[in-house]
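Enquirer: Sequence:
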Amino acid sequence: MWTPAPDVLVTDLETEVVLLQAGSGEMFQLNASGRAAWFAFPTDTAGVAAILIKHGAPEAQAQIDADAWLNDLHTRGLIQPG
7 MWTPAPDVLV TDLETEVVLL QAGSGEMFQL NASGRAAWFA FPTDTAGVAA ILIKHGAPEA
67 QAQIDADAWL NDLHTRGLIQ PG
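When the letters of the sequence shown are read in order and numbered with this note's numbering, they come out as residues 7 to 88.
In case anyone wonders, no lab produced these hints; they're calculated from the structure. These numbers were taken from a predicted model, which means no experiment stands behind them. Glycine residues also receive a C-beta, built at the ideal position from the N, C-alpha and C atoms. Mixed in with the good hints, there may be bad ones.
[As the list claims (entries may be wrong)] Label-pair ranges, simulated between beta-carbon atoms:
hint	residue 1	residue 2	range
1	Q67	Q35	17 to 27 angstroms
2	E65	G29	28 to 38 angstroms
3	G29	A66	30 to 40 angstroms
4	G88	F34	17 to 27 angstroms
5	A28	P64	28 to 38 angstroms
6	A66	D13	34 to 44 angstroms
7	N37	H80	12 to 22 angstroms
8	T17	H61	14 to 24 angstroms
Between the sequences and the hints, there should be enough to build the whole structure, so can you do that?
Expert: Printed below as a string of structure tokens:
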């Protein structure tokens, strides 16, 4: 299970989300499927994959993309296990 890191500031623009990692000052933009996945936290890889499939991703690719996306967010300090 993954949850947002406590120092991430979120701005919801309805069709996308902008994240600010307060510790580093870096900003990140999530598209519509990323926005849907972000607001599904706390979730796991299967939950993110289901959202990607709902947004049109092929099933075989959704699991791979979900793993990569979660790893990227974790590396950037935007999410944490929990």
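Enquirer: Decide, hint by hint, whether the structure agrees.
Expert: A quick look at each hint next to the structure:
| no. | hint | result |
| --- | --- | --- |
| 1 | Q67 - Q35: 17 to 27 angstroms | holds, 21 angstroms |
| 2 | E65 - G29: 28 to 38 angstroms | holds, 36 angstroms |
| 3 | G29 - A66: 30 to 40 angstroms | holds, 36 angstroms |
| 4 | G88 - F34: 17 to 27 angstroms | holds, 20 angstroms |
| 5 | A28 - P64: 28 to 38 angstroms | holds, 36 angstroms |
| 6 | A66 - D13: 34 to 44 angstroms | holds, 35 angstroms |
| 7 | N37 - H80: 12 to 22 angstroms | holds, 19 angstroms |
| 8 | T17 - H61: 14 to 24 angstroms | holds, 21 angstroms |
Every hint, counting from the list given before, is met by this structure.
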